[in-house]
Amino acid sequence: MIAEALFFSAILFTIGVVGVLTRRNALIIFMCVELMLNAVNLSFVALSKMHGAALGQVFVVFVMTVAAAEAAVGLAIVIAVYRHFGTVELQNINLLRG
Amino acid sequence: MPLDLSVPASLVTALLPDLIVMGGAMALLLWGVWRPEGASGRPVGVGAIGVCLAALAAIAGMAVQGITAGPGPIAIDNFRWATDAVILVGTILSIALADDYGRRAEPVAVESHALTLLAASGMMLLAGARDLILVFLGIEVMSVAVYVLAGINRRSARSAEAALKYFLLGAFSTAFLLYGVALVYGATGATNLTAIGSALAASPPGPGSMAVIGLALMLVGFAFKVAAAPFHMWTPDVYDGAPTPFTAFMAAAVKAAAFASFARVFMEGFGPVFVRWHSVLWWLAALTMVLGNLIALSQRNLKRMLAYSSIAHAGYLLVALVTNTTEGAAAMVFYLFAYTLATVGAFAVVMALAEGAERPQDVREWSGLFSVRPLLAIAMAVFMLALLGFPLAGGMGFFAKWYLLQAALKAPAPQTRLAVLLVITSVISAGYYLYVIMVMFMRPRPADAAPFPDTPAWTRSVIVGAAVLLLALGLYPSPIVRWARSSSLQPTTATGVPSTPEALRITAR
Chain A
1 MIAEALFFSA ILFTIGVVGV LTRRNALIIF MCVELMLNAV NLSFVALSKM
51 HGAALGQVFV VFVMTVAAAE AAVGLAIVIA VYRHFGTVEL QNINLLRG
Chain B
1 MPLDLSVPAS LVTALLPDLI VMGGAMALLL WGVWRPEGAS GRPVGVGAIG
51 VCLAALAAIA GMAVQGITAG PGPIAIDNFR WATDAVILVG TILSIALADD
101 YGRRAEPVAV ESHALTLLAA SGMMLLAGAR DLILVFLGIE VMSVAVYVLA
151 GINRRSARSA EAALKYFLLG AFSTAFLLYG VALVYGATGA TNLTAIGSAL
201 AASPPGPGSM AVIGLALMLV GFAFKVAAAP FHMWTPDVYD GAPTPFTAFM
251 AAAVKAAAFA SFARVFMEGF GPVFVRWHSV LWWLAALTMV LGNLIALSQR
301 NLKRMLAYSS IAHAGYLLVA LVTNTTEGAA AMVFYLFAYT LATVGAFAVV
351 MALAEGAERP QDVREWSGLF SVRPLLAIAM AVFMLALLGF PLAGGMGFFA
401 KWYLLQAALK APAPQTRLAV LLVITSVISA GYYLYVIMVM FMRPRPADAA
451 PFPDTPAWTR SVIVGAAVLL LALGLYPSPI VRWARSSSLQ PTTATGVPST
501 PEALRITAR
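Order-wise, the sequence lines are chains A and B.
Letter by letter, the first sequence follows residues 1 to 98 in this note's numbering.
Letter by letter, the second sequence follows residues 1 to 509 in this note's numbering.
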């Protein structure tokens, strides 16, 4: 059961990484990052069960809290970008280069 | 007498400087909201600097009293105090710059001071974190605040773009770090660095694949945070687009905190498996030094050039980490102090000479700066020479590189080739540092050149203060050297594992 959970979380994490690297929409990239974080949460829960200790589950609570704060700030930044550029497609957001 | 960190009261004592900064940030936030609309932001800036000074005083007090702690989630050692001091000095200088920036160019709300303090509290937590949960929390408290600071100039599209890029890549790298933490937890059953160290040392055939993959993922996460090549791509864009005071803050304080945590996690937690990460970090250091310096040569935009210069310095600092010795950690703290003064000073000059926040500045616009603004030109020359590591005129910068080289050569596994590479790349870096000086001093000022704006008072104090400190401590470095040497970060070795009750309990599982 634990091995399956770890395997599944590794797959979820990989999907997230591939999504971040291939997609060009800021919102979708952000969703992929969230997917990665939740894959990690799944790992923590499974490993916590493997060790028979609650430490990993405590960690999950911290990760969820921080991810919520990060989402609040991140979506605000996405809105700020949309106000300036009228889009959240990264190929159109390229004032900074050199 | 060591503090027992399982007692809440002693935990409060252990976290006193951090709590001062956090509480100060909350109070300033409320004050900033309650102030009448349109009132001057200066009192809030003064308050923010006051909070930092109070935290510095608390640090000095605790360091003098020699308070120590047992193996708990929070380290109480001189390494933490020294790093905290570097972070707070960088924070104070950035707050002073941010205050002038808000008054002159663009509307930066007073909340920026509170956010800077919140970021600083996360960094200080990071400097003392001896538990991977706290490392994660420290990184996130720092990063979330800095994402906002990068985009705090709401009228600037460049600032918003910088914030978006920083946020996406920062969150991405945090996910890597976190997955690494999860796997290390799976392999060792612990998040406490001491316990991880003993668990890794206790496994006879060496760490299993889960621990190694976890280690690699954490390395990627940290490499993103300290902007080491090849994970440095975000740095020039973010440093270029962010408002200059917060660029200085990112280049100095964020980097110092990330390096402190990097060193503590890898030396204390992963010291026993040094052989596993040594060569990866070696290549990371070499690549970062070479790439950072070579790309910086082709930059003419000042902020981008300084961004690549900061990448190069991350490479030099990685050399200290590769040594995995107490001396390496001490050299790193000393280097971070010199680097903080020089890089914040350089960004302060960039800010002083920019008439608006929006436009990227070209080095060539500074032609003949010496003829119109001699003091600024001289200060900038000092900062450039300090970053280059030039003797005497570069002040502390020379000693910083000197101690780094010494630490690399005297380590049990001498890093001769890295030391040679450090010297060679430093010589390459003269190509862009001296170019700035050449443009300022030797080119004539074009007749039709636009006049430079006046330098606001606090910016001037930051520039003069940083330059004078660099020069003075370059002539008389012994107090800072003693202070850095006392910052003993002990790498955990496979033989000398600290046998604490907690560690024993976990290994006996």
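Careful, some of the hints might be misleading.
Have a look at the derived ranges for each label pair, beta carbon to beta carbon [to be verified]:
no.	chain 1	residue 1	chain 2	residue 2	range
1	A	Ala-72	B	Arg-42	40 to 48 Å
2	A	Arg-97	B	Arg-155	36 to 44 Å
3	B	Thr-416	A	Gly-86	51 to 59 Å
4	A	Gly-86	B	Leu-297	45 to 53 Å
5	A	Gly-86	B	Phe-452	32 to 40 Å
6	A	Leu-75	B	Arg-300	44 to 52 Å
7	B	Ala-457	A	Asn-92	37 to 45 Å
8	B	Pro-36	A	Ala-54	47 to 55 Å
9	B	Arg-35	A	Leu-75	25 to 33 Å
10	B	Ser-298	A	Asn-92	32 to 40 Å
11	A	Ala-54	B	Leu-297	17 to 25 Å
12	A	Ala-54	B	Ala-39	33 to 41 Å
Covered stretches of chain B (chain A as the covering partner; in silico rule of three or more C-beta atoms under 8 Å from a C-beta of chain A) [stated by the list, open to error]:
no.	region
13	162-172
14	186-199
Since the hints were derived computationally from the structure, they do not count as laboratory data.
Predicted, not measured: the structure shown is a model, and the values here were computed from it.
For glycine and all other residues, C-beta sits at the position ideal for the given N, C-alpha and C.
Each hint, compared with the structure:
1. Ala-72/A to Arg-42/B: 40 to 48 Å: violated, 30 Å
2. Arg-97/A to Arg-155/B: 36 to 44 Å: violated, 21 Å
3. Thr-416/B to Gly-86/A: 51 to 59 Å: holds, 55 Å
4. Gly-86/A to Leu-297/B: 45 to 53 Å: violated, 37 Å
5. Gly-86/A to Phe-452/B: 32 to 40 Å: Given a distance of about 35 Å, which is inside 32 to 40 Å, the answer is holds.
6. Leu-75/A to Arg-300/B: 44 to 52 Å: violated, 36 Å
7. Ala-457/B to Asn-92/A: 37 to 45 Å: Taking Cβ atoms as reference, Ala-457/B and Asn-92/A lie about 41 Å apart, which means the hint holds.
8. Pro-36/B to Ala-54/A: 47 to 55 Å: 49 Å Cβ-Cβ, so the 47 to 55 Å window holds.
9. Arg-35/B to Leu-75/A: 25 to 33 Å: holds, 28 Å
10. Ser-298/B to Asn-92/A: 32 to 40 Å: Because 26 Å falls outside the window, the suggested range is violated.
11. Ala-54/A to Leu-297/B: 17 to 25 Å: This hint is violated: roughly 53 Å between Cβ atoms.
12. Ala-54/A to Ala-39/B: 33 to 41 Å: violated, 49 Å
13. 162-172: holds (count 8)
14. 186-199: It holds, with 4 qualifying residues against the three required.
Hint compliance for this structure: hints 1, 2, 4, 6, 10, 11 and 12 are broken, all remaining hints hold.
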